[in-house]
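Q: Here is how the chains run, residue by residue.
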Amino acid sequence: MRHTALAVVAWFLCLCAAAADAQPGTASTTGPSGAQSAAASLGGFLARVAPGEVIPGADRFGPVRESPLVAPAYRADKLLGHVYLNSQYVDANGYSGKPIHILIGLDLEGTIVGAKLVEHSEPIVLIGIPERKVVAYLQSFVGYNPVKAAASGKGSPHPDIVSGATVTVLVMGESVVRSAVRVSRALQAGGAAPAPAARVLDPQAGPSVDWNGLLQAGAVRRMLLTVGQVNKAFVDSGDKEAAQRPEIAPSENTFSDLYVALVSHPAIGRSLLGEEAYETLAKSLEPGEQAILVASGGGYSYKGPGYVPGDSFDRIQLIQGAETIRFRDRHHRRVASVHAPGAPELKDIDAFLIPADSDFDPVAPWRLQLLVQRTTGALDKAFVAFDLAYQLPEIYTKAVAPAGGGASTAASSTHAAPEALDSGPPLWQRIWYSRAAAIAVLALMLGVLTVIFFFQDFLVRRETLYLRVRYAYLAGVLVWLGWTAQAQLSVVNVLTFTTALREGFHWSAFLVDPLIFILWCSVAAALLFWGRGPFCGWLCPFGALQELTNRAARALKVPQYKIPWRVHERLWPIKYIIFLGLFGVSLGSLAYAEMLSEIEPFKTAVILRFMREWWFVAYALVLLAAGLFIERFFCRYLCPLGAALAIPGRIRMFDWLKRYRECGNPCQRCFKDCPVEAIHPEGHINPNECISCLHCQMLYYHDHKCPVRIQRRLKRERRSAMAPALGAESGAAAAAHAQRPAETAP
Amino acid sequence: MDPTRTTGTRMTKHAHPLAMKTRRRFLSIVAACAAAGPIALARGMTAPAVSTWRGTVMGAAAAMTLVHPDRAKARAAIDACVDEIARLEAIFSLYRADSALVRLNAAGALYAPPHELVELLAFGLALARASEGAFDPSIQPLYRLYACHFARGAVRAPSQEEIARVLRRVDYRSIEVGSDRIRLRKPGMAITLNGIAQGFITDRAADRLRAAGFDHVLVDLGEARALGQRADGLPWQAAVRDPRDPARMLATLALGEGPGAFPALATSAGYGTTFGPDPRIHHLLDPYTGRSANHYLSVSAAAPRATLADGLSTTLSLLAPPRAHALLARYASARAYFVDSLGRTEVVHVPERA
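If you're matching them up, the sequences are chains A and B in order.
Our numbering applies: residue 1 is where the first sequence begins, and numbers increase by one.
Our numbering applies: residue 1 is where the second sequence begins, and numbers increase by one.
Just so you know, these hints were derived from the structure itself, not from any lab.
Honestly, I wouldn't trust all of these hints.
[To be verified] No more than 25 Å apart at the CA atoms, straight line, and that leaves these computed lysine to aspartate or glutamate pairs for DMTMM-like:
| id | chain 1 | residue 1 | chain 2 | residue 2 |
| --- | --- | --- | --- | --- |
| 1 | A | 232 | B | 84 |
| 2 | A | 148 | B | 84 |
| 3 | A | 232 | A | 380 |
| 4 | A | 398 | A | 357 |
| 5 | B | 73 | A | 357 |
| 6 | A | 78 | A | 66 |
| 7 | B | 73 | A | 247 |
| 8 | A | 381 | B | 180 |
| 9 | B | 186 | B | 171 |
| 10 | A | 658 | A | 703 |
| 11 | B | 73 | A | 394 |
| 12 | A | 562 | A | 662 |
| 13 | A | 232 | B | 215 |
| 14 | A | 381 | B | 207 |
| 15 | A | 148 | B | 70 |
| 16 | A | 78 | A | 109 |
| 17 | B | 186 | A | 380 |
| 18 | A | 303 | A | 247 |
| 19 | A | 232 | B | 207 |
| 20 | A | 148 | A | 109 |
| 21 | A | 148 | B | 171 |
| 22 | A | 347 | A | 329 |
| 23 | A | 240 | B | 171 |
[To be verified] Derived list of chain A stretches under chain B, where covered just means 3 residues or more per stretch with a C-beta under 8 Å from a C-beta of chain B:
| id | stretch |
| --- | --- |
| 24 | 229 to 239 |
| 25 | 321 to 333 |
| 26 | 373 to 384 |
Glycine included, every Cβ here is placed at the ideal spot set by N, Cα and C.
Could you put the whole structure together from the sequences, leaning on the hints where they help?
A: Here it is as C-alpha cells:
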C-alpha cells in the first residue's frame, strides 16, 4: 500500500518534470497560440531535437515523407531508421485532452531505438523536478519491437495498468506502442503504396436485386463442394483411416452448396428476406450487432443431422483476423425462406447474430468455416474444414475521412483485428476496470452525500450527529479522496473542458480518469440542484483540509478574526477576477493557464501531499495558516474553481436552506456564525459564497442557539406551565443576545 | 533479394514451459542453395520481390517468405497470417491460461470446441491408432511429472512407481472427439498437441497464403511448408543437419511442389532438450515405458503436409526401426530421415505398392 502510494507520487513528480521540461520549448518556438495546434507537425518538432536523440548514431534527418508520415534518419548516407510523431498516428490525448507529442525512432527492423517527449499540455506543470524519470520511462521502450511482440503473443513491455493516477504515463506508453505498430506496418508495406481509405458500412447504399444480382455483386458468396473435393481433402490430411473411407457417391456430385451473406445490411437483407422479414430481423438486433445469413443445399448440412434447438452450431464458425466467433442457440434466428427471386432450392436457411462485443468489422474480410466430419470407426471420426471467404462489396460501404488529420491512414479497416491484437480494449475501459474498487468507494461517498442533502432536515436537528457526520465526511474526503485517490478537482479541469468544447470534444479524453470524471458529473448535477455548495463544502479535499485545521485551531483557542463586512464583500470579487484571468489566458495558451493555475495550492497540499519545493509548500502553508484565523480564507477570496462553479451555480433549482422572517432583522446570529460569511447582515444567504455546510440549518432548528427557536421554546414551556422564573431568565438571555448584533449592524 | 535463410527447428515437439531454457538450436533446416544466385543472374532474370516476416510461434523462431511482385499485398497477407497464427496459438497453446486446450485439460470436457481443436485432435487420435499408441496426445501428465520432478532439482528419472501411477491417466482411447464436445473420460487426463500443432499451424498459414493468391511461399514455423519455388525459379532447398555438428549436412532435399520435391518437412530430436543433466532423459517420452526414447539422434519426415510431417517425425522417433518402417509403409507419400547415434543417416521411403 505504502509502496503504491510512493510510486504514484513518484510518477507525478516525474510527469511534473516532463511538464516543466516541455514548457520552455512550447513558449519559445511557437508562441502562445500556436503551441496547441499548428505546431503538431513532424517537421516542426524535428527542428528541436538532435538526430542522435531519437535514432542513436544518426547525424541528420532526411526530408519528411508523406506516406507514411515519417522522416528518414541517416549517418552520412546510410539510412539508419525512421522518425515519426506518435500523435500523427494514434490518439495520444492525455489528461489535458491535448496530445502528448513524442518523437519516436524506429530502426529498419521496426524496433524502437529512441523516444523523446517534445510537447504536452498535461496539467502537471512543475519547476525543478528531475526530468530523468520520464526519460527513464520512455527509455524502457527502447529495444521493443511491437510487431514482433504482437506476433509472438506478447503484449506491451509494460503492465496494462500502473496503479494510481498515471493517466499521462498510460497514454504515453499506449501511444508509443500502438503508433509503432502502425508505422512499422506502413513502412514494411513498402511505404509508397497509399493506404486504402477506411471504409464503413453504409446502410443507405446498395440496390435491391434478385438472387443472381446478389451473387454477381458478391453480396452473397457461394462455396460449392463436390464429393471429389471432400474426398481429396481427407486424403491430403494425411489421416489414413479417413482416406480409406471415401464418400461413395460419384465425385462430381454436390457434397455441400453453401451460401453466406451479410444480411444485416439493409439492402442485402431486404433483397434476401423481403421487407417484412428483414424488419423483424433488424428489430431483434442490438446496436452494433450484425447478422449473417447461412444457407445450404446438398447432402451435408451445416447444422448436422442431430441438431436440436438449444445446441450450439458446431459445424460452422466465423473467423475474422485473430477472432473466432461461434454461434449458439441464442444467436440463431429462424428464416422461413429466401425472398430474392431466382434463389436455388435451399435445405437449410438460418440467420446468425454476431454480438456487438465480438469486435466484428462488417467491412473487413471474414470467412465462414464449415467443418466436415467423416466416421472412420465405431467411435472414431476425422474432420476437415473448408473456408467460404466473404468480403462486403464496396458498393455497400462508404469511405470515411481518416480521423486525426490523416493519422490513421495506416489503420485501414483490414487492420481492425491486428489493432485489437496489440491494443486490447480501449485504454479508458481498462483504467475503469482496474480502478473498480476506488470507483465503488467514490460512489458510496456520493451516495452518502446525496442522503445528507436529501435528509438534511433530519440531520441538522441533531447537532452532535450533524457535527460528527460532517467532520467524519470531511476527514474521508481529505484522507481518501484527496490524499489516497488524488481526486481533487481543479480549475484546470474547467479550462480543459472549455478548451475541448471549442477545439473538438472527445469523451475518451475525459474518461481516462474515472474518479475525476465521476466527480465532475456529480458536481455538474449538484450544481443544477443546489449550486456550488456540495463540492466546495463537502467534496473538495483542500476545503476539507482548511476546515479541519481551522476546527483544530479553534479547539486550541486560536483567536478567530472576523473581517468587517464591507471589506469582506469587496474581497469576494478577487476569485472571480482570478478565474476570468485564467480563462482568458486559456483561450490563448492552455499550457500557460495551467501554469498560472498554481494559484490553487491543491496540487501541493493534496496531490503531492506537501512533498514539493519549499516555495510551493510555503505558499500552501501560508494559505492554511491564514485559514487558522479566517476560516476557509482561500475558498472565500482566492479559489478560481469556486468562482468557476459559482457562475453556473446561479441556475440552481432548489433553495433548501431555510430562513425565518426574523433572520437578519433583527437576529444576526447566523450572520455572525456562518463559517464563510456567506450570510448577509440583512439575513439572506448569498448562494455564490455558500458552501452548503448546513451550519446555519443546524442553528435554524437549535432550541438553544437560534433566538427564534428559543423564544418559541420558552413560549411552549410557559404554556405547559413550567416554572415561570426559569423561563423569564432564559427569555432575558435570548433578548440580550438578539440585541447585541443589532448594535453593530450598519 | 537473397532468399538464403537459415531457420531453426524446434528441438522437440513436447517442450514444456519449465524446460524452455534447455532448448538449444542444434538442428536446423537450411532452405537455401548457395549456387542459386549466380544461376539466376546468368539467366538474366529479374528476380521477383521477396517479402519476409520473422517472429515467434509457439515459443520457437518462425519465418515466412513470400515471392510476389506486389510487396504491399504480400505484407497485408503476412499480417493476415500473423492474425491466423495468433488465433491458432490461442487454441493450442499450453502456456496460455485461456487457450481452448488448457480449458479442456482443466475441465475434462469442452463443449462447442473450436473446429481446429476437433480437427487436429481427431488427426492425432488417428495417428495414435496407426502407431498403436506410440504417439499419444494424452501424454501430458507424464511430461508434467518429468518437468516437475526435474524442476525440483532431481538428477535421475522419476521412479517406476511414480511413472506407473501417471501412465494410468495416459490413454488416447479415453478421448472422445466430436464437433459438439470433446471429453476426457478418465479423471486427471490432459492433452498436449505440441507434437503436431506446430505443423498444423504451418499448414494453415500456408493455406491462407495460397487462398490469398500466393503461389511461391516458404513458411517455417518450426516445421517447414513450401509452395511453388524460390524467387530464382529453383525449388526451395532444405538440409538435414548433423545434430552434433551443425556445419555438417547429412542430407538435402527439395521443398515445394516441383517434381521430386516434398511440400513439408519436420524434425524431431530429443538430444539437447533434456529435463535434467542426463542427455538421455528428454521430451520424447514413450507412453509405453514412460521413459525417453533414444532410438535415434533425430528423425526428419517429409510429407505433403506439415501436420503429417510433424506427427510422423514425432511418432517415428518413439518407435524402434522395424516398427518405424512398418508405420512408414502406411504413408506412401512420406519419406523419413533417421539419424542414428553415430550420425549415420538412413533415408526410408516406402512407395505405395501397385
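Q: Look at each hint and say if it fits the structure.
A: Outcome of the hint check:
no. : hint            : verdict
1   : 232(A) / 84(B)  : holds (24 Å)
2   : 148(A) / 84(B)  : holds (15 Å)
3   : 232(A) / 380(A) : holds (19 Å)
4   : 398(A) / 357(A) : holds (23 Å)
5   : 73(B) / 357(A)  : violated (29 Å)
6   : 78(A) / 66(A)   : holds (20 Å)
7   : 73(B) / 247(A)  : violated (38 Å)
8   : 381(A) / 180(B) : holds (12 Å)
9   : 186(B) / 171(B) : holds (9 Å)
10  : 658(A) / 703(A) : holds (15 Å)
11  : 73(B) / 394(A)  : holds (18 Å)
12  : 562(A) / 662(A) : holds (23 Å)
13  : 232(A) / 215(B) : holds (20 Å)
14  : 381(A) / 207(B) : holds (23 Å)
15  : 148(A) / 70(B)  : holds (22 Å)
16  : 78(A) / 109(A)  : holds (15 Å)
17  : 186(B) / 380(A) : holds (18 Å)
18  : 303(A) / 247(A) : holds (19 Å)
19  : 232(A) / 207(B) : holds (15 Å)
20  : 148(A) / 109(A) : holds (10 Å)
21  : 148(A) / 171(B) : violated (38 Å)
22  : 347(A) / 329(A) : holds (19 Å)
23  : 240(A) / 171(B) : holds (21 Å)
24  : 229 to 239      : holds (count 4)
25  : 321 to 333      : holds (count 6)
26  : 373 to 384      : holds (count 9)
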